[in-house]
Amino acid sequence: MSTSRKTGPVLWDIDARGVASVVLNRPEVNNAYNAALIDGVLEALEALSDAEGLRAVVLSGNGRHFQAGADLTWINAVRESDAEENLRVSAATAEAVRLLNIAPVPTIALIQGGCFGGGTGIAAACDVVIAAENALFSIAEVRWGLTAAIIIPQLNDAIGVRQVRRYALTGERFGAEEARRIGLVHEVVPLDGLAAAGEKIVGHVLENGPDAIAETKALTLEGAFADIIDEGFQALVEAHAAKRQSDEAKEGLASFAEKRPARWGA
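Residue numbers (the numbering used here): 166 to 431.
In case anyone wonders, no lab produced these hints; they're calculated from the structure.
The beta carbon of each residue, even a glycine, is placed where N, CA and C say it ideally should be.
Hints may be right or wrong, so weigh each one.
Capping the alpha-carbon separation at 35 Å, the derived lysine-lysine pairs in DSBU-like fashion look like this [as the list claims (entries may be wrong)]:
1. Lys424 x Lys408
2. Lys382 x Lys171
3. Lys365 x Lys171
4. Lys382 x Lys408
5. Lys382 x Lys365
Computed spacing ranges between beta-carbons, pair by pair [said to hold, decoys possible]:
6. Lys415 x Asn373: 27 to 33 Å
7. Arg327 x Asp392: 17 to 23 Å
8. Ile393 x Arg346: 26 to 32 Å
9. Val307 x Ala181: 17 to 23 Å
From just these sequences and the hints, can you work out the full model?
Laid out in structure tokens, this is it:
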């Protein structure tokens with residue numbers, strides 16, 4: 166499998182130091198995820214896992230926003246598909262976040278602009294998160310009658326159950342400084358300093374023993390919320406998929422398409 170991709174919804178490459186760059190590349194829709202972007206992330210992570218001498222992965226998004234959650238038009242099409250396809254989509258999304266979470270090398274997310282829904286799950290699954298001052302976050306699934314089931318374990322690890330109980334239930338947006346306060350973000354920098362801040366972290370990583378890093382990360386993840394057995398992982402996937410095909414999700418997604426408030430319980 167190629168260790169670089171120069172075109173498509175997800176770009177990746179590895180430099181001479183063994184530092185990989187993975188770039189979400191749907192700027193025309195604020196990097197909202199659909200099947201192509203999910204499959205691209207999976208392909209990138211699988212390709213990089215086979216790369217010799219990999220030392221770190223830096224994840225970023227092209228354009229004004231890092232990742233503006235799901236492409237809701239696509240989500241609605243998935244909702245109307247058969248149960249098998251609906252489940253496949255949830256499984257692929259969950260697997261992409263899982264692979265990012267357990268990568269044996271440090272993962273560093275550089276976030277600017279919007280980071281909504283699944284974007285917060287991506288951030289929570291990374292080891293180090295640096296946000297620009299203009300970053301804006303939300304765990305927004307409940308706004309559309311959906312659940313964040315497949316990213317809840319990573320969010321519980323990153324910000325703790327208490328904060329998830331607020332932000333995953335309200336769907337409200339919060340800024341970079343609040344994200345740092347609750348633990349989702351490690352550092353907040355000016356937008357024009359985002360790449361340099363990421364490079365500083367990479368520099369620290371490269372000073373350390375790669376085997377020691379891998380062992381330390383594996384030990385850290387033991388017993389974490391996201392370190393769940395296959396049965397638990399599958400249950401999250403099934404819950405995520407089932408909720409997408411509920412009447413409540415149908416109404417939530419219709420409200421988005423029709424640009425109106427949702428009529429819950431109507």
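Each hint tested on the structure:
1. Between Lys424 and Lys408, the direct Cα distance comes to roughly 21 Å. Compliance with the 35 Å bound is thereby established for this hinted pair.
2. Using a Cα cut-off of 35 Å, the hinted pair Lys382 and Lys171 holds, with the two alpha carbons roughly 30 Å apart.
3. Distance restraint check for Lys365 and Lys171: the Cα-Cα separation of roughly 25 Å lies within the 35 Å cut-off, and the hinted pair is therefore satisfied.
4. Between the alpha carbons of Lys382 and Lys408 the distance comes to roughly 33 Å, so the proposed pair stays at or under 35 Å and holds.
5. Distance hint between Lys382 and Lys365 is fulfilled; the C-alpha atoms sit about 20 Å from each other, no more than 35 Å.
6. At about 50 Å, the CB distance of Lys415 to Asn373 disagrees with the hint of 27 to 33 Å.
7. Between Arg327 and Asp392 the beta carbon distance is about 20 Å. The supplied range of 17 to 23 Å therefore holds.
8. Under the hint 26 to 32 Å, the C-beta atoms of Ile393 and Arg346, about 27 Å apart, fit the expected range.
9. The hinted range of 17 to 23 Å is not satisfied by Val307 and Ala181, whose Cβ atoms lie roughly 45 Å apart.
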